[in-house]
Structure formats: C-alpha cells, structure tokens
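Undergrad: Residue-level listing of the chains:
Number of protein chains: 2
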Amino acid sequence: MSARGTRPGRRPGSSSTRQEILAAARVEFARNGFDRTTIRAVASAARVDPALVHHYFGTKRGLFTASLEVPVDPSEVIAPVLELPVGDIGPALLRTVLGAWESPLRPTLAAAFRATVTESDGALLRTFLLEFVLRDLVPLVDEPAGSGRVRVQLVASQIAGLLLTRYVLTLEPLASLPVDDVVAVVGPTVQRYLTGDWGRDLTGSASSGIR
Amino acid sequence: MSARGTRPGRRPGSSSTRQEILAAARVEFARNGFDRTTIRAVASAARVDPALVHHYFGTKRGLFTASLEVPVDPSEVIAPVLELPVGDIGPALLRTVLGAWESPLRPTLAAAFRATVTESDGALLRTFLLEFVLRDLVPLVDEPAGSGRVRVQLVASQIAGLLLTRYVLTLEPLASLPVDDVVAVVGPTVQRYLTGDWGRDLTGSASSGIR
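For the record, the sequence lines run as chains A and B.
The numbering used here puts the first residue of the first sequence at 1, with every later residue one more than the last.
The numbering used here puts the first residue of the second sequence at 1001, with every later residue one more than the last.
Keep in mind that the hints are not guaranteed to be accurate.
Stretch-level coverage of chain B by chain A, calculated; a stretch enters the list once three of its residues show a Cβ under 8 Å from a Cβ in chain A [as the list claims (entries may be wrong)]:
(1) 1071 to 1081
(2) 1119 to 1129
Computed footprint of chain B on chain A; a stretch qualifies when at least three of its residues, placed anywhere within it, have a C-beta under 8 Å from a C-beta of chain B [unchecked claim]:
(3) 24 to 31
(4) 38 to 51
One side of the interface only, derived from the structure: several residues of chain A facing chain B at Cβ under 10 Å [said to hold, decoys possible]:
(5) 81
(6) 82
(7) 83
(8) 113
(9) 143
(10) 186
(11) 195
(12) 198
Hints listed in this document are in silico derivations from the structure and should not be mistaken for laboratory results.
Each residue gets a CB set at the ideal place from its N, CA and C atoms; glycine is no exception.
Using the sequences provided together with the hints, build the complete structure.
TA: Below, the structure is given as structure tokens:
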C-alpha cells in the first residue's frame, strides 16, 4: 500500500498491520504449533506491541482461527457433541461438521481447506487438526488406553476426505446427497473408528512396531 | 530461459516446449475434463504440432498423468483389483493404493495431491477421480442400479482423506501405523461403501431430492 523502504519499530494499527500480524502468525504457528506459539512471539515477529494483537484478535485461539481464515472456532462448534454418551458421538460429530459446511460459511471454509493443505506443506492444517480440533476428543475414546489418538485421526481421515470430495471437489452425486443420507451412511464409519473393537492393538506401542 | 519476445508458430522440441505443452494440457483438462479434451486441442493451445505431443507423452492418458505430475497411471495400478470378486475389492483396493504411496513415489504423489487440490479450484483432481480413477469401478458396484457413482465417491472420500492425513499431513501415530493395520481397520469401511446395504435409496433419484 504505502511506500515503505524502512519499517518503523512499532507501528500503529492499520489494515496492513493486521495482515502482517496474520502473516507472522501463520509462520509461527506452522513452525512451532499452537501450544508453543505465544502472542508475544507473533507480535515480535510482526514488530508490533502484543497489546495490538490482543486488540485485533482477542485470544491466541482467535488469532489462530483468523490466521487460517476459518470463520468459526471449531472447538466451540463441536463442544456440545462431546457432552453426549460416547456411543452417540460419531453421527452427531459428523452432522455438526456438515452443518457448518452447509451454511453460508461454505465458500470460506472451502478456501481455507484448499489453502491449508498447501500452506507450509500442511503444517498449519496438521496443527489445526491435532492441537485444536481433535484434542478434546482423544481422552473420551482412549479405550483401550493409548488408542485415542489413532481413533480420532481415523475419524479425521474420513471427515476430511468427505469435506474434500463433497464440498471442495463437489463430486456429484455425493455433493447433492441430503445431509441425513450422508450421516446415515458415513456416521457408522465415524462411530466405529471412535469406539469399535478392531481386534488388534493400534496404540503404536505394539511389538510389531513401525513397518 | 531464453529471451523470447515473440513466439514462433511452430517450435521445435525442447524442455520448455514440453513444459508449455503440460501447462496447456492442465488448462484444457481442467476446463473440459478428460473425455472432451483432445491431443489436437492441447497442441493447438501450446502452438505445437500434435505429433510432438504424441512424441513426448504417447497417449492422452500419458499426457494427463504427466500434466498432474502423477508418476504412474492409477488405472493400470488398480486394474488387477477390479478382476476380484466384488466382495473382496474394498480391502484389496485400499492395499493397492497404499502400496503405491508406500513406495519411493510418495513425495511425488504427495506433491501432486497438494497441487491438484488447489489447481483450478480442484477441477483437475475432480477430473482425475471421476473420469480416470473411479470410472471402471462404478459398473461393478452399481447395485441397486444407479448407486454405483455415489458408492465409489464415498470410497474416494475415505481413501483421499486417508492419503491426506497419513501421507500429506503425516498425523502421528496414523502415519506410522503398519499397512496391515490400516487395511484391517479401514478396509471394511471401503467394502461397506462398495457393497453395503444402507436401507435407503442413495441413487440421487429419490423423491426426497436435493436438500
């Protein structure tokens, strides 16, 4: 925008400042993950006062969702689902995620999906899924102990792939299938990943190890 | 590379010519799909002789996989699986796809996955899946009649999501799970999408219509 040969140490708030904070946030979150990134570090990288970051984005959660251009905090959206009996979470989780994508938010969500797959080789999307969306679900389905992480990652594989094929690639007829039908067919898959007995140890600690 | 102010009408073969043919192919395939794109149209867009396109890429299939930078023809890879009894295709298809990604091709495949999600808003990946990878599978699982397309698209949702989470995002522990374990847990999902009785009409012709 402005001709800026040199950058002042502290700059007042402006639209471009906001964008520079978001750019710095993307770099920091991709490099260090959600937990190990601080508002202070992002402010430092953007060369602004931390108070300005708080002013624009509120919390670190707000900064993260803004940096991904995700228009909602997914943890808040799925929080009610996690109050359900664990045997009912699968279809309800799927219906809730689909509900967000069936809303006017869809183009923004689809753009964020496409962008985060490529951004920093997917580091931001990985952080988003592991540290932000799925973490609260892990302890609820950690049966047998140690299996919770792979269970929720299998859920992520099915739901992310469904979002990709239905909303990003809009494969027909899948893209036009009523939500009730999608939940009826895919919901049992999600539930099986969450609570199914697979007859084998998938905790990653098995003697079979990594092949 | 070279300083090129004007472009000659027909240019001899060169490395940059090859790249320009591929660029033209990506535009044509994204715009018109696989079936409606011709070698002649790509050659015309790239301003080369069609014989040169054949020389570099052999067939239209070869041109398409090259334009996606996919190092193998997926149809050839999965062809043996389609010879199996339909009740056995699910786990075998999954194992075959994983096998390609467990090979030294993985970085190239992951790069192609990332690139095609964003290229032309996903039009190339949509064409790749619908007209190239999944088409031969549809008639094998079209029971009841009309359900074949949505069945294979559900399969695509699970397998694409698994490739994304395991190989592109490398979510751990899912990324390190032995292939046998992945097939044991996800294979039944694929098989259920292919041949399961869902107790509802998902052919897209139901009176419920599109909601």
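Undergrad: Against this structure, judge whether each hint is valid.
TA: Evaluated hints:
no.	hint	result
1	1071 to 1081	violated (count 0)
2	1119 to 1129	holds (count 5)
3	24 to 31	violated (count 0)
4	38 to 51	violated (count 0)
5	81	violated (19 Å)
6	82	violated (20 Å)
7	83	violated (25 Å)
8	113	holds (8 Å)
9	143	violated (15 Å)
10	186	holds (7 Å)
11	195	violated (13 Å)
12	198	holds (5 Å)
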